[in-house]
Amino acid sequence: MAPPELLLLPLLLAPLAAGQMNLTSPQNVQVNVVNTNFTLRWSWGSESDFNVTFSAQYQRRFENYEEEEEETDWKEISGCQNVTVLECDFSSAMTAYLDSYNVRIRAEKGEEKSLWSTTLSFVPYSIAKIGPPGVQLESIDGVVKINISPPEDNQNRKMWTNDISFTYNAVFWENSSNAEPKSKTINRRDTIYDLAPETTYCLKVQARITSERKIGSFSPVYCIKTTDKAWNVLPYPMNVEVHALNMKFLLSWDNQYDQNVSFTVQYLSGYLKSLSEDYSDKWITISGCENITATQCDFSSDIAISGIYFLRVQAMNGYNKSRWSNEIKVDPCVVNEIGPPSVTVSSSKDSLRIQLTPPGESENKSMSEFYDLSYRVLYWKNSSDTKEKIEEEQQLLFTISDLTPLVLYCLKVQAFSPAYKKDGHFSDVECIKTLNDKTSPLTILKTFVIAMIAFFFFASFFIFGVYYISKRIRYAFFPSCKPPSNIECLGGQPFNSPYLSTSEEPTENCCIIESMVIEETDQTDFKDYKHSKQSTRDSGNYSNDDDTSGTKVLEETLEQETA
Amino acid sequence: MITLSFLNICLVLLFSTGSSSVDCNMLHFQQNKVNQASLQLLEKMGGQFPVQCLNENSNFISLQNVLSSREFQKENAMVAIQEILQQIFNIFSKSHIQAAWDRSSIVAFQSGLHQQIELLKTWFDGEKKLETTYPQNEDFSRLTVKKYFRVIDNFLKEKQYSLCAWEIIRGEMRRCFLFIDQLTKRLKN
Chain A
1 MAPPELLLLP LLLAPLAAGQ MNLTSPQNVQ VNVVNTNFTL RWSWGSESDF NVTFSAQYQR
61 RFENYEEEEE ETDWKEISGC QNVTVLECDF SSAMTAYLDS YNVRIRAEKG EEKSLWSTTL
121 SFVPYSIAKI GPPGVQLESI DGVVKINISP PEDNQNRKMW TNDISFTYNA VFWENSSNAE
181 PKSKTINRRD TIYDLAPETT YCLKVQARIT SERKIGSFSP VYCIKTTDKA WNVLPYPMNV
241 EVHALNMKFL LSWDNQYDQN VSFTVQYLSG YLKSLSEDYS DKWITISGCE NITATQCDFS
301 SDIAISGIYF LRVQAMNGYN KSRWSNEIKV DPCVVNEIGP PSVTVSSSKD SLRIQLTPPG
361 ESENKSMSEF YDLSYRVLYW KNSSDTKEKI EEEQQLLFTI SDLTPLVLYC LKVQAFSPAY
421 KKDGHFSDVE CIKTLNDKTS PLTILKTFVI AMIAFFFFAS FFIFGVYYIS KRIRYAFFPS
481 CKPPSNIECL GGQPFNSPYL STSEEPTENC CIIESMVIEE TDQTDFKDYK HSKQSTRDSG
541 NYSNDDDTSG TKVLEETLEQ ETA
Chain B
1 MITLSFLNIC LVLLFSTGSS SVDCNMLHFQ QNKVNQASLQ LLEKMGGQFP VQCLNENSNF
61 ISLQNVLSSR EFQKENAMVA IQEILQQIFN IFSKSHIQAA WDRSSIVAFQ SGLHQQIELL
121 KTWFDGEKKL ETTYPQNEDF SRLTVKKYFR VIDNFLKEKQ YSLCAWEIIR GEMRRCFLFI
181 DQLTKRLKN
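Protein chains in written order, with full-length UniProt numbering: chain A, 1 to 563; chain B, 1 to 189.
One chain only, chain A, in its complex shape (with noise of 0.2 Å):
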């Protein structure tokens, strides 16, 4: 009898054998995704049947929590099952934009199936192209106000989580003429100005996100006519421009008019222009510049030194008042002038010392604190046409030296900034006279007496000192006086060098010298040593007990003396 896998192996594989036989499976299998919106394609070679349909699974690959790459199982793709044509919508079967996804599809007719397709696999993301954004255009006052909305502006479901990211092309050009288009790139809400009055222009815009490399569709093509420029009112301020030194920001215009006109300035902080929120009523008045007659304005103290501004003027006589002016950009450290550095110089007989202080110091605002100063010295000799030298040095301390004595060099220095491209504005040229190579006979003459007195001076000081601290050394160590013998004979120490001091206080540490020992052993030898051990019993009849290396060199003293 057969086993039981044999008898079941043509069950299996009839159905497959026969899928394999009539159906192939799909073809150049494709996924398109504009926004959210995911589009299967795909070719089939045979030949149309309307009988054959369609359908495709997924899987999701992503990691979880321990990092570790996990699939889920085939789903069947809820839009892409039983399709009679070559192109099926899975949006809704796509949540997860990051992660990765796997789909496949194969041809079903009855019961027949083909085998599966090549697996497909993508990232949402990365493979996702921008649609079209929206466009609004206004015209007033002969410019072009428009409104942008992003490509999936009031949807649910996002591909683009973050409009910072975006980047707008607008391409505009006259509607009846030839003139090539041009292309400008602008924010969410953006004016177009310089265009010719009562024109029809014409406009599409498409977003990008150039880091990534992707360029989205545009919009349709929306078409408007300006409006004749609104002189009639009062003009708008013109040539409005920015100018900065060291900081200090000055806003200034045309002053066009005959009449009485008072101008108002405005600033914008730059990163509301990229909110989706309105900003028009997000304008702040410059404290000072307020219904001001001149015509430029000192906006240093409103804005900080790190970020985008934009500024605008109006006019204003009576109750009439201007449109307001082009708007420009300010980006502080980019429009900023470098002022020239404070220059201090000293010379040598051949080099220059240049001491500098950084632009802006001096009003408390140090250039670098903003800019990554470095700074160039031009140097020439005055006399000469000779061409002029270039010393460039981070440091504020230059040394220039190899110069010629005894002449006028001149020089100049100016601070700049690699980073920024910027080079600052020059110092005011300061000419200075090399010293003399040669040294007169006075001053060497001079020089020797100097230097003879200071060496006396210090001779008799030095030898002076000799004498003294030999003086003091002889009294300490080697004293002229010694002590009497029967004082010496006591053995202390501290007899011969007074000023050394003493381990112990010989007081404390006492027990009765065995001068009966001494007399009992030998009375006849030792008595000039027991007339003395009587005599210094007057002084006490204690003695160091540990002293007995004492009372050996005593001993042996006492026997040369009697010897």
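In short, the hints are calculated from the structure, not lab data.
Idealized CB from N, CA, C, for every residue including glycine.
A couple of the hints might just be wrong.
To be verified - Partial pick of chain B residues on the chain A-facing surface, computed with a CB cut under 7 Å:
| no. | residue |
| --- | --- |
| 1 | Met26 |
| 2 | Gln64 |
| 3 | Gln82 |
| 4 | Gln110 |
| 5 | Asn137 |
| 6 | Asp139 |
| 7 | Leu143 |
Unchecked claim - Interface residues of chain A toward chain B, partial, derived using beta-carbon atoms under 7 Å:
| no. | residue |
| --- | --- |
| 8 | Thr210 |
| 9 | Tyr271 |
| 10 | Asp372 |
Starting from the known structure of chain A, fit chain B onto it as the hints suggest.
Showing chain B alone in chain A's frame:
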């Protein structure tokens, strides 16, 4: 054939570093300024971490762990920095932003971030060569950053933009800037 392609690579490298070296210096310089200022402003806008939030659990896997800064090339670092800055800007642009925080610090913070984002955008606009260098690598770091901020976004939503949730995010953003600081070193030529 091999020598020819090697020559090609050399030429590409030569031209690419030549065309953007100075801009890159500026990016590097300004990025350092932004990092420093942002860390200070994050500190200033909310002050000390509130004691009542110490028990809140966040369990973020820090960005540093997902993206090791050592693996970064210059362009790749630029991509990561840009993405992180944009994501942080996005978080602090939310209308749910913590009302207790110092408003002027938030404005200065956003303003500085925006300026640097715009600068990076213009840099990328000018870098046509990016189309040929390490796109897969870049894609990976960008996606990793996006995923990390998706977690942060979900965390804020789950905690219903509570004070403690915002404070935890503020701390996390400071860690982000320390990571950016490491990446910034890669920008230098």
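Is the shortest C-beta separation between Gln82(B) and chain A less than 7 Å?
Holds: closest Cβ of chain A sits about 6 Å from Gln82(B), inside 7 Å.
Answer holds if the nearest beta-carbon of chain A is closer than 7 Å to that of Gln64(B); otherwise answer violated.
violated, 14 Å
Would you check whether Asp372(A) satisfies its interface hint, that is, whether its CB is within less than 7 Å of any CB in chain B?
holds, 5 Å
When the nearest CB of chain B is found for Thr210(A), is that gap smaller than 7 Å?
holds, 5 Å
Hold the hint about Gln110(B) up to the distance rule: shortest CB distance to chain A must be less than 7 Å.
holds, 5 Å
Go through the hint on Tyr271(A) and say holds or violated, using the shortest Cβ distance to chain B against 7 Å.
The hint holds - Tyr271(A) has a Cβ within 7 Å of chain B, the shortest such distance being about 3 Å.
Report holds or violated for the interface hint on Leu143(B), using the least CB-CB distance to chain A and a cut-off of 7 Å.
Holds. Min distance 5 Å.
Regarding the hint that Asp139(B) lies at the interface with chain A, is the smallest CB-CB distance below 7 Å?
OK, holds: Asp139(B) within 7 Å of chain A, min 6 Å.
May I ask you to test the interface hint for Asn137(B) with respect to chain A, counting a Cβ-Cβ separation under 7 Å as satisfied?
Result: violated, 13 Å to nearest chain A Cβ.
Going by Cβ atoms only, is Met26(B) closer than 7 Å to chain A?
holds, 4 Å
Hint violations for this structure: numbers 2, 5, all remaining hints satisfied.
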